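Work out the full structure, taking the sequences as your base and the hints as a guide.
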Amino acid sequence: RKEVEQDPGPFNVPEGATVAFNCTYSNSASQSFFWYRQDCRKEPKLLMSVYSSGNEDGRFTAQLNRASQYISLLIRDSKLSDSATYLCVVNGETGRRALTFGSGTRLQVQP
Amino acid sequence: DVKVTQSSRYLVKRTGEKVFLECVQDMDHENMFWYRQDPGLGLRLIYFSYDVKMKEKGDIPEGYSVSREKKERFSLILESASTNQTSMYLCASSSSGTYNEQFFGPGTRLTVL
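Which chain is which? The protein sequence lines are A and B, in order.
Taking the numbering used here, the leading residue of the first sequence gets 1, the next gets one more, and so forth.
Taking the numbering used here, the leading residue of the second sequence gets 1, the next gets one more, and so forth.
Treat the hints with care, as some may be off.
[As the list claims (entries may be wrong)] Straight-line distance between alpha carbons at most 20 Å, and here's what the computed PhoX-like set of lysine-lysine pairs gives:
#1 A:Lys45 x A:Lys79
#2 B:Lys70 x B:Lys53
#3 A:Lys42 x A:Lys79
#4 B:Lys71 x B:Lys57
#5 B:Lys53 x B:Lys71
#6 B:Lys55 x B:Lys71
#7 B:Lys3 x A:Lys45
#8 B:Lys3 x A:Lys42
#9 B:Lys57 x A:Lys2
[To be verified] Chain B is faced by these chain A residues, among others (derived, beta-carbon under 10 Å):
#10 Val4
#11 Tyr36
#12 Gln38
#13 Arg41
#14 Lys42
#15 Glu43
#16 Pro44
#17 Lys45
#18 Leu46
#19 Ser49
#20 Leu87
#21 Val89
#22 Thr100
#23 Ser103
#24 Gly104
None of these hints come from the bench; they were simulated from the model.
If you're wondering where the values come from, they're calculated on a predicted model, not measured in any experiment.
Every residue gets a Cβ at the ideal spot worked out from N, C-alpha and C, and that includes glycine.
Shown next, in the form of structure tokens:
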């Protein structure tokens, strides 16, 4: 089983739609969770951290479900500029300093 | 603004050549990382370094080595390039503390012929 798994998509949604991505992780001891965004032919950039209590940043909401070992990202009122690949990131292997990146979910918002 | 720069955006090399990819960060970060990114496989960690002259293997270190002689610079070396090392290579850095935000460079698209 992969350490971090995501549905690759693509998710094709109209402008204004609400879309949600899930990501599952294998290490129950993981403590740190993030969503990164990667635009086409660009480097990944941090979108938001994911906290145990869930957190919101404008149109974006991230949630963590430890019992089921998944994190989610909800995007409300999608904009064309939200089109990108969204990477789920977790500290995977216990004791390892580096993060583990999922393969990403591609979102295409259409006019 | 954190800046991570990589020596080349595009590089074409021949099988068997020794290849150096350079990464420099200007924010005095302790941690530096090298990844490769391939379609369908996502980012895979090759090596990382948490201090000068310190390094740890990532998930796919075979065929690669690294060097960190100065805090701001982290080099990835392909001792004898092979066609299966054709990929996008991304460098990242982060401040001390285990799971802080990673800042990425623009990437180097390496093609090995």
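Broken hints, numbered, in rising order?
none
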